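S.K.: So the protein lines, in turn, are chains A and B.
When you line the first sequence up against the numbering used here, it's residues 16 to 381, in that order.
When you line the second sequence up against the numbering used here, it's residues 404 to 1034, in that order.
Hints were generated in silico from the structure; no laboratory data involved.
Quick caveat: nothing in here was measured; it's all calculated off a predicted structure.
Backbone N, C-alpha and C define an ideal beta-carbon position, used for all residues, glycine too.
It cannot be assumed that every hint is accurate.
Said to hold, decoys possible - These stretches of chain B come out as covered by chain A in the derived footprint (C-beta under 8 Å, 3 or more residues): (1) 425 to 438; (2) 639 to 649.
As the list claims (entries may be wrong) - If you want a taste of the chain A side facing chain B, the calculated C-beta under 10 Å gives, among others: (3) Ser224; (4) Ile226; (5) Ile244; (6) Val250; (7) Gly251; (8) Gln265; (9) Ala341.
To be verified - The following label-pair restraints were derived from C-beta to C-beta distances: (10) A:Trp27 with B:Pro521: 28 to 36 Å; (11) A:Arg20 with B:Pro412: 20 to 28 Å; (12) B:Ile626 with A:Lys197: 39 to 47 Å; (13) A:Arg53 with B:Arg416: 48 to 56 Å; (14) A:Val76 with B:Val427: 34 to 42 Å; (15) B:Leu537 with A:Val101: 52 to 60 Å; (16) A:Gly348 with B:Thr696: 20 to 28 Å; (17) B:Asn702 with A:Arg53: 51 to 59 Å; (18) B:Pro412 with A:Phe215: 39 to 47 Å; (19) A:Glu227 with B:Arg635: 46 to 54 Å; (20) A:Ala206 with B:Val552: 32 to 40 Å; (21) B:Val427 with A:Val80: 18 to 26 Å; (22) A:Arg20 with B:Arg416: 26 to 34 Å; (23) B:Gln520 with A:Phe215: 17 to 25 Å.
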Amino acid sequence: MFERRLYFHVDWLLVVSVLALTAIGLAMIYSSTYDPIRERVGTEFYKQTWAVGLGLVALLVCLSVDYRLLSEYSLVIFGGSVLLLVYVLLFGFVAGGARRWIPLGPVNLQPSEFARIALALVVATYFAENRRGAGQWRDLALGAAFLATLAVLIARQPDLGTAVTLVPIFVGTAYAAGMRPKVLAVLALLAVIAAPIAWFAVLKDYQKSRIETFLDPEQDPRGAGYQQIQARITVGSGGLTGKGYMQGTQGQFKFLPVAHNDFIYSVLAEELGFLGVVVTLGLYLFVILRSLEAARLARDRLGAYLVVGLVSGFSFQVVYNITMSAGLAPVKGLTLPLMSYGGSSIIATMAVFGLVLNVRMRRFTN
Amino acid sequence: MIDDRRSLPLRIRVLSYLVAAVFVVLGVCFWYFQVVQHARFLEMAENNHQRTLPLRAPRGMMFDRDGRVLVENRYAFTISLVPEHSRDLSRTLAVLSPALGVPEAALGETIARHARQPRYRPINLVTDASMAQLAAVLARRFELPDVIVEQVPTRQYPDDALGAHLFGYVGEVSDQQLTRVEFEGVSSGTIVGQSGIEQTYNQWLLGEDGARRVVVNSVGREIEVLGEVPPREGRRVELTIDADLQRAAEEGFKTLGYNGAAVVLDPRNGEVLSLVSLPAYDPNRFATGIDRTSWTALNTDRLRPLQNRAIQGRYSPGSTFKIVVAAAALEEGVATPDYKVNCPGGGVFYGRFFKCHLARGHGLVDMRTALEKSCNTYFYTLGNLVGIDRLHKWATAFGLGVRTGVDLPHEIEGIMPSTAWKRQRTGERWYPGETISVAIGQGQVSVTPISLAVMMATIANGGTRHVPHLVRAIDDGDGWTPVPSPPPAEVHDMAPEHVRALHEGLWLAVNGAGTGGRARVPGRDVAGKTGTAQVISIQGRQSAAGRTERDLRDHGWFVFFAPHDEPEIAGVVFAEHSDHGYLAAPIARHVIETFYAKKEGRPLPQLTPPAPPAVVASAPPAGGAVGGGGD
């Protein structure tokens, strides 16, 4: 299992790119939590540094254990994930009106971040073991049951944002596993039909108001539209070369709330400008394409499906957060993987790349 | 079934292209925001976190001719609200209302009134906050991130209403004023002079506001100061005013219980030594912005405290005009000082009998006696000989019927009729009979108190009409620079013997048998002349129901200079509804005594209130059917 020669096949380019994004993220957290009055950086920076360390451990663990072994235990892992989510709903730590966290000593664990990995694993396993892949409605529906179980539990927290990120994981895996484009079209149509129903039956008022203000942020410039307007100002005022590292005024003077978390990319755009944006977009794109290459090179369907699922979830989250950080999408509590402040997020994302590297590294083994 | 051995790489490639395409779109979006629209967003960001706070410049101080402070500044605290920093306005008001002791509704109204101004501009809630209000707000400053407390230099008039009309008052520049040339560069919200010297010399007094550019955070707290331009105080101004004379004149009115006006000049150069108009107002109340109720009250007050009677009141000069008639007759060569007229108690002119105020007549009088005793018959005769146009010429030369040019805003001119004037005004010709009334200062002629003071100063100095002015020197920070007196408006060297005759007649009016006796100061050679300005005609008097008796009393004039040979002081006292000019004379005497006491370094005289006056008012004026003008 732990054959030393395997490590010669580790994709160092991907590792370096991931670490580069993580380092940039840390730098931006440092900048956006720096308090110019007290002249010191926020505790978030130190917490995040620890989380990155833990993330590297998670990456190593996920790299080392053969993904086929993990696949064999995928139902156990999935079940454990469900149990954790139920536990959160019953006993979780409440913050900001949502029950999302399990307190673990000095840190809070957010199980929904790890549920993504469980879903990718179980769905990839299911489609890989299924002879027909995801080509039939019945197979698709059975696979979707895994998605639904987790999505409902997470949406109950309530954390609609994270719940929604499960969808691209499932759809990505299913697509790789042979889901016909026609089905995708039908699903899209269903989504369009479901939207108004969801609007009236499912969405809470504050969620509705977020979407309403997204369409017209000026109608509530002090409330829900505030963040969106400030996000645009933050990004737009950065210009070509930015205001300089730690020179951003929007983030530093707290015009942008939770800048170190959901809006870390806005801060980057403000301080490092369009050039910084292009570099980081390039790094993200490289990470995604390089990972998809790992899927293409994978030894088996399981590996390919697993990587595509994980990368789909990652890509969706990156694209959504960056879109939001420019004020182009409704504000939703969704982190930017690898860069945002948040221990669970960084550890889970590192684990994801551990798995991606794992699949690529074992492409020659039997 | 799909053959995923072929389709899997294809599908992964599709995914790759899809992701790449999305990233390209994202890149384009950021390029659009950050490069194309950069300037717009940068400006928005700077408005977000940078503020330019004006540092108001204190206005220049004013001093009297002895260097005593007349107008200064103090610092007032204002409490304002910056709407942009309000997260929850109603909560702010709920906290603020009890702290300020102002009802929430009133605060809300103030804010609503400024709803259309930019949200970053503070809305003034309390100007000149009390210490209690200040303490209450500062104690709650963390609950009130949107409330700011500023120190603002504010005008202070130490002697309250003293010289109110002279100094004027200040107020926030109006939108209308901002469009005018003289307010170029003045920013909205600036305090500017709105009347009096504050207005005339606004540009000197204004100074230059400074500014502080600061960085604030999202709750408006100052993070750092980017730069500061200190304010530059306005220029200091030394006035020609003598505070002691100013106070003496005002005390005179108050002690005797009259409203009115007084102007005291240095006849040698036109410097204004004091200028009084009563009733007045307290200009301090304007300094921090007068409230609407007080403003309305001042504006609708029947006594019109906002009118500067000294330069805006127009009254018939009564017998004081006889000085002009005499001077005109002399200078035109119509009469010599020894020219005599017999007064049997009046005279017939143009088929009509004009009474003298003394029914039994003054007998044969020359010019000195005529001035002393104010003989109407004598001046009817002189006026008739001179004619209205020559009277007009000389009255104008002495300053009547024209603006004196004093450096105060909104001076009006009196009326000095002439044939041309009447033709232009009514299209009718001038009837010689009208001249007879004018000759004793009744009829169409009317004057402002300051123009009568200028007339008196001109007669006193022998024919040079100086422009009354208020500023001797200014200091723009490098020490005092004298401000030269304006050149005389008109110079006419009267023949010395004419001047002597006029001065003697006026000296007699005070020191002889004349009506100006109450202005007599032993050993001081005061020269002067009383006058009565008719308030209402006899016929009108009967129909004026509902007015108090006092309102119908005539106004009294007293014009003076001293000493009579080499005059150093000249002026006018106009006592509203004093009924007789001789009742205005004591005010002049108090001013003259104060002038000499100061000059000789003696303690300033005190004015004692007079004994309750004898009943004089109910009797009809001594004058005849046409004009009274008896005194």
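S.K.: Okay, which hints does this one fail, numbers in order?
M.R.: 2, 3, 4, 10, 12, 16, 20, 21 and 23
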